[in-house]
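S.K.: Based on the provided sequences and hints, a complete structural model is requested.
For reference, the chains in residue letters:
Number of protein chains: 2
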Amino acid sequence: MTIDFIIYRGNDIMVKTYVFGHKSPDTDSITSSLVMTNLEKELGNADAEAYRLGNLNKETEFVLDYLGIEAPELLESVEDGANVILVDHNSPAESVDNLENANILKVVDHHKLALETSYPLFLRFEPVGCSETILCKLYEENGVEISKEIATLMVSAIISDTLLLKSPTTTDDDRVAVEKLAKIAEIDAEEYGLEMLKAGTDLSSFTIDEILALDAKQIDFKDVKSIVNQVNTADINDVMAMKDELEAGMNKIIENENLDLFMLLITDIVNSNSQVIALGKDASLVEKAYGVELVDNTVLLEGVVSRKKQVVPIMTESA
Amino acid sequence: MTIDFIIYRGNDIMVKTYVFGHKSPDTDSITSSLVMTNLEKELGNADAEAYRLGNLNKETEFVLDYLGIEAPELLESVEDGANVILVDHNSPAESVDNLENANILKVVDHHKLALETSYPLFLRFEPVGCSETILCKLYEENGVEISKEIATLMVSAIISDTLLLKSPTTTDDDRVAVEKLAKIAEIDAEEYGLEMLKAGTDLSSFTIDEILALDAKQIDFKDVKSIVNQVNTADINDVMAMKDELEAGMNKIIENENLDLFMLLITDIVNSNSQVIALGKDASLVEKAYGVELVDNTVLLEGVVSRKKQVVPIMTESA
Numbered sequence: 004m005t006i007d008f009i010i011y012r013g014n015d016i017m018v019k020t021y022v023f024g025h026k027s028p029d030t031d032s033i034t035s036s037l038v039m040t041n042l043e044k045e046l047g048n049a050d051a052e053a054y055r056l057g058n059l060n061k062e063t064e065f066v067l068d069y070l071g072i073e074a075p076e077l078l079e080s081v082e083d084g085a086n087v088i089l090v091d092h093n094s095p096a097e098s099v100d101n102l103e104n105a106n107i108l109k110v111v112d113h114h115k116l117a118l119e120t121s122y123p124l125f126l127r128f129e130p131v132g133c134s135e136t137i138l139c140k141l142y143e144e145n146g147v148e149i150s151k152e153i154a155t156l157m158v159s160a161i162i163s164d165t166l167l168l169k170s171p172t173t174t175d176d177d178r179v180a181v182e183k184l185a186k187i188a189e190i191d192a193e194e195y196g197l198e199m200l201k202a203g204t205d206l207s208s209f210t211i212d213e214i215l216a217l218d219a220k221q222i223d224f225k226d227v228k229s230i231v232n233q234v235n236t237a238d239i240n241d242v243m244a245m246k247d248e249l250e251a252g253m254n255k256i257i258e259n260e261n262l263d264l265f266m267l268l269i270t271d272i273v274n275s276n277s278q279v280i281a282l283g284k285d286a287s288l289v290e291k292a293y294g295v296e297l298v299d300n301t302v303l304l305e306g307v308v309s310r311k312k313q314v315v316p317i318m319t320e321s322a
Numbered sequence: 004m005t006i007d008f009i010i011y012r013g014n015d016i017m018v019k020t021y022v023f024g025h026k027s028p029d030t031d032s033i034t035s036s037l038v039m040t041n042l043e044k045e046l047g048n049a050d051a052e053a054y055r056l057g058n059l060n061k062e063t064e065f066v067l068d069y070l071g072i073e074a075p076e077l078l079e080s081v082e083d084g085a086n087v088i089l090v091d092h093n094s095p096a097e098s099v100d101n102l103e104n105a106n107i108l109k110v111v112d113h114h115k116l117a118l119e120t121s122y123p124l125f126l127r128f129e130p131v132g133c134s135e136t137i138l139c140k141l142y143e144e145n146g147v148e149i150s151k152e153i154a155t156l157m158v159s160a161i162i163s164d165t166l167l168l169k170s171p172t173t174t175d176d177d178r179v180a181v182e183k184l185a186k187i188a189e190i191d192a193e194e195y196g197l198e199m200l201k202a203g204t205d206l207s208s209f210t211i212d213e214i215l216a217l218d219a220k221q222i223d224f225k226d227v228k229s230i231v232n233q234v235n236t237a238d239i240n241d242v243m244a245m246k247d248e249l250e251a252g253m254n255k256i257i258e259n260e261n262l263d264l265f266m267l268l269i270t271d272i273v274n275s276n277s278q279v280i281a282l283g284k285d286a287s288l289v290e291k292a293y294g295v296e297l298v299d300n301t302v303l304l305e306g307v308v309s310r311k312k313q314v315v316p317i318m319t320e321s322a
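Protein chains in written order, with my numbering: chain A, 4 to 322; chain B, 4 to 322.
Simulated from the structure, these hints should not be mistaken for laboratory data.
It is possible that some hints are incorrect.
Since the list gives no way to pick one copy over another, a pair counts as held whenever it fits inside one copy or between any two copies.
Unchecked claim - DSS-like cross-link-like pairs, simulated, lysine-lysine; straight-line CA separation at most 25 Å:
no. : residue 1 : residue 2
1   : Lys19     : Lys115
2   : Lys19     : Lys312
3   : Lys183    : Lys140
4   : Lys312    : Lys61
M.R.: Shown next, in the form of structure tokens:
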């Protein structure tokens, strides 16, 4: 691994490397920023530092509380020429402000490719369920020991992204990693995982606007400018009880951001279904994509739990 | 490593995987397609097959003749839904026809990033001198033995791309790989390398149009639609003797392809300089980028040997 800049320690000039996941961070984005930063330090980049691009969700809070560690510092934008490492995302729309003027050293991700650069860089993408599955391999390939804390961060994210290995995004690599990491972390993956996922479904302390920003991604389905937000729950009815307020909040965002579509996925993590609320002038794209009919702006999509695998490609195809 | 499709051998349905480098293939593109195909087969993808997107250059012919192996088959386009693996390139402009409708499984490359996908995939990019340096690591990480033939293919490409480790694109990883691979290949890297590079400078059998297509890359410097072609030589005067004919050929291509700039780099592999011939309405971009003056459309750029490191970023910045 080659890093193109020189750190002049003698002259007190240090070149910091910002390491961060996507906006509206989930457990994978937060833990991967910590785990990647640790790997960088182990490999000699002492000035790597983990950051977050937004507030923690309840699930991630559960993980950090379990380990008794602090959340990374909040980052809003980076200075021109800043060295950055992206984890769990690569789309500039989901990244830090001023990314276009930063120097991207590395990207570790498992999403579709939406980045262009004018220079070569280190990229490690695999079509697996979670960025941490890739980071687990990078630790092994570089002969860096995975501590109990690092293993807990990794396994938490894999359980989170794959909904306890039940999402269709799950690959054999994720299963192998969970088995191995759970041992190092000294946890029962099933028991710890369900407790963690349930912690993530607690919406009681959030305002409607906060719920709508928790895991919101800007995704354009061809020309259809959209936000797709996913909220996990143990009981869809709990969330649907707030339908009127959610719709009012969604309509406000549609107007402010000039969106064609706002798609809210309320995902039942126990039964693996998603109730969708779709608003905006192109809400009918959901009907076209899944061959369903929206009644009062909503429909149940059975078996749909993965935005990446069961929403983005199908909606893009139909747009 | 996970492959998303199923090969139904029992029903005689085989899903071929096309493995290829860029158009106007150089030694890295040809050898990487062979080396990556071998790795895929070793990892269980029996239907991987190497292809080339254009005619071999003299240098690559030297390498294949040295080993007594056949060139990969020529590929012009792929069918809708075809499985492909890209090596040594990722820009659709440099790739196979109909790439937009293919299913890209993997990309191994060391260039800037110029690809978008609607699905996650395997990407392995490192900012090193040659794709084969990355492939050498992939063999090691996957515990696949590097045979004498594979080592010769790898080391030839690294010597080619780094001009015997003298180009500014050379990294420590390339040096380590060459040392290791030369031993397995049982060659003296310096001696074999110079012979190989010199074989590549033999232009006697080529027409002017062929010379202008040998290592031509379509690169847009912001809005400036350009072709940058690089021709290696042991003596710049030999090539400049054909200046009038080269300019006539370049002007024809500028007109046919509606280019703003055609930049021909005649690179002296012994002294590490490049004589540039620049034509087109934006030829002055070369003057602006390097602070030089074109006289009769030409100028010597001292120390410039790398299109990727010493041309693309500087020209893009100045455009």
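S.K.: If any of the earlier hints don't hold here, list their numbers in rising order.
M.R.: none
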